[in-house]
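*Asks:* Fit chain B to the known structure of chain A by using the hints.
There are 2 protein chains.
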Amino acid sequence: MTVHPQQPDPSHIYPVSDRNRLKRRHDRGSYDHASVHAILDASMLCHISYVIDGQPYCTPTLFWREGNRLYWHGSSASRMLRHLKAGTPACLTVAHLDGLVLARAGFNHSANYRSAMCFGTARIIDDPEEKAAALVAVVDRFYPGRSAGLRPITAQEIKATTVIGMEIEQASAKVRAKGVADDEEDYTLPIWAGVVPVTTVLGEVEPCPRLMDGVEVPVELGLYAAGNALDRSLTDAQRAYEEG
Amino acid sequence: MTVHPQQPDPSHIYPVSDRNRLKRRHDRGSYDHASVHAILDASMLCHISYVIDGQPYCTPTLFWREGNRLYWHGSSASRMLRHLKAGTPACLTVAHLDGLVLARAGFNHSANYRSAMCFGTARIIDDPEEKAAALVAVVDRFYPGRSAGLRPITAQEIKATTVIGMEIEQASAKVRAKGVADDEEDYTLPIWAGVVPVTTVLGEVEPCPRLMDGVEVPVELGLYAAGNALDRSLTDAQRAYEEG
Chain A
704 MTVHPQQPDP SHIYPVSDRN RLKRRHDRGS YDHASVHAIL DASMLCHISY VIDGQPYCTP
764 TLFWREGNRL YWHGSSASRM LRHLKAGTPA CLTVAHLDGL VLARAGFNHS ANYRSAMCFG
824 TARIIDDPEE KAAALVAVVD RFYPGRSAGL RPITAQEIKA TTVIGMEIEQ ASAKVRAKGV
884 ADDEEDYTLP IWAGVVPVTT VLGEVEPCPR LMDGVEVPVE LGLYAAGNAL DRSLTDAQRA
944 YEEG
Chain B
704 MTVHPQQPDP SHIYPVSDRN RLKRRHDRGS YDHASVHAIL DASMLCHISY VIDGQPYCTP
764 TLFWREGNRL YWHGSSASRM LRHLKAGTPA CLTVAHLDGL VLARAGFNHS ANYRSAMCFG
824 TARIIDDPEE KAAALVAVVD RFYPGRSAGL RPITAQEIKA TTVIGMEIEQ ASAKVRAKGV
884 ADDEEDYTLP IWAGVVPVTT VLGEVEPCPR LMDGVEVPVE LGLYAAGNAL DRSLTDAQRA
944 YEEG
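From first to last, the protein sequence lines stand for chains A and B.
Going by my numbering, the first residue of the first sequence is number 704, and it counts up by one from there.
Going by my numbering, the first residue of the second sequence is number 704, and it counts up by one from there.
Bear in mind the hints are in silico, worked out from the structure with no lab data behind them.
Each hint should be verified, as a subset may be incorrect.
In silico DSBU-like links for lysine-lysine, alpha-carbon gap of 30 Å or less [stated by the list, open to error]:
1) B:K862 with A:K881
2) B:K862 with A:K726
3) A:K881 with A:K862
Listed next, with one range per pair, are the computed distances between beta-carbon atoms [to be verified]:
4) B:E946 with A:E909: 33 to 41 Å
5) A:P718 with B:G906: 36 to 44 Å
6) A:G848 with B:I861: 31 to 39 Å
7) B:I861 with A:E945: 30 to 38 Å
8) B:G906 with A:E946: 25 to 33 Å
9) B:G848 with A:A884: 45 to 53 Å
10) A:E946 with B:P831: 57 to 65 Å
Ideal placement from N, C-alpha and C gives every residue a C-beta, glycine not left out.
Excised from the complex, chain A in its bound form:
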């Protein structure tokens, strides 16, 4: 089998079935690990769908990625996590809004975006070693190296935290990143059309008013300088975290 140099290695593509195959706008989609992970790594916030007694829930939460595995956590008391204890089908989605697209016809108004949908079975992480590693990762993935300088986690805190893990079984990425796409005959109309770019940016850090004297802003916050784009900072943090 010859693999075209522009194509990703087939072992680095999530398998496609009816569950994750794009049903429309195939031109905007891909299934390779790199495309999916790039969208995930640029975000701290995801939305997770799960089902209780036939009722769908859509819960926003912080998450992080280790290889093809996704993690999130919460109090042991939370509804979602109690339900997930046995392992349950879930869909974790990340979406970035990148622009508002105004066209010459209502029908062609759109948005620029990047989104990734990941399917798998969400399970409570019971293994003490994997759980301990996850509680370090949830800090260090966002702020590389930070956990080593913090007040160590207590047995009580470990007990109070539930960590959920989900191997990505299938996934898809979908991206629109272009200008206005009007019908050819509409371009001669005297109607304004264009794109308003959207960016999520970081502001000036607000130190805790109760900081001890002489405590400086730590190295790991360098990634989150005021004016930086959040998606870029989070992507850089993931890379730094992976490189250890």
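*Replies:* Chain B only, in chain A's frame:
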């Protein structure tokens, strides 16, 4: 019955049951229309959970609000919409990330956010009048007054668009908007803690390169000036749209 002046009118509160009652962090939650709608109106993007054969899906999409009713749309071909034709339980969620919260202990790291979860039954809008109104609203809710100046929608476009509506039966809003909350004994540790604010902002408009000569940026784009916060622009647009 005496209503405390600080309490919203009970007729303006979404009913609470196990489905939408906050299971943790009650201090962060509310159920009144105003709190829920404020979070919805500040966003263009939502995530919708729905179930097909026991499999949950979490789909990001654009949406808009009319009173207690939410709308979204897509091609008639889309998987979600075909499934929803008969009406199906759904959960539509909006979340805004407002800040990264770095604490003195890993356990107290958090995020500032505003989120709203809305429960109801999603149904295809078949009524021609309601559908026609929705196809105007999807433009004018974001860009008040814009639809009147556009190339009119065609019968073919109306046919190719499926509009979905969902009355909000129940909802909850959840907000964290404060500084670091460390354990009292940790404040004396020489560890940096603080908040990195996050804002989603608009960039300079990029006019379509094929604009006709003399076509100026339209009035409705005034709400989306470069540097404006997207959530504020969208909230102002909703207000202008409601005031007609």
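*Asks:* Mind listing which of the numbered hints don't hold for this structure, in increasing order?
*Replies:* Numbers 3, 6, 7 and 9, in rising order.
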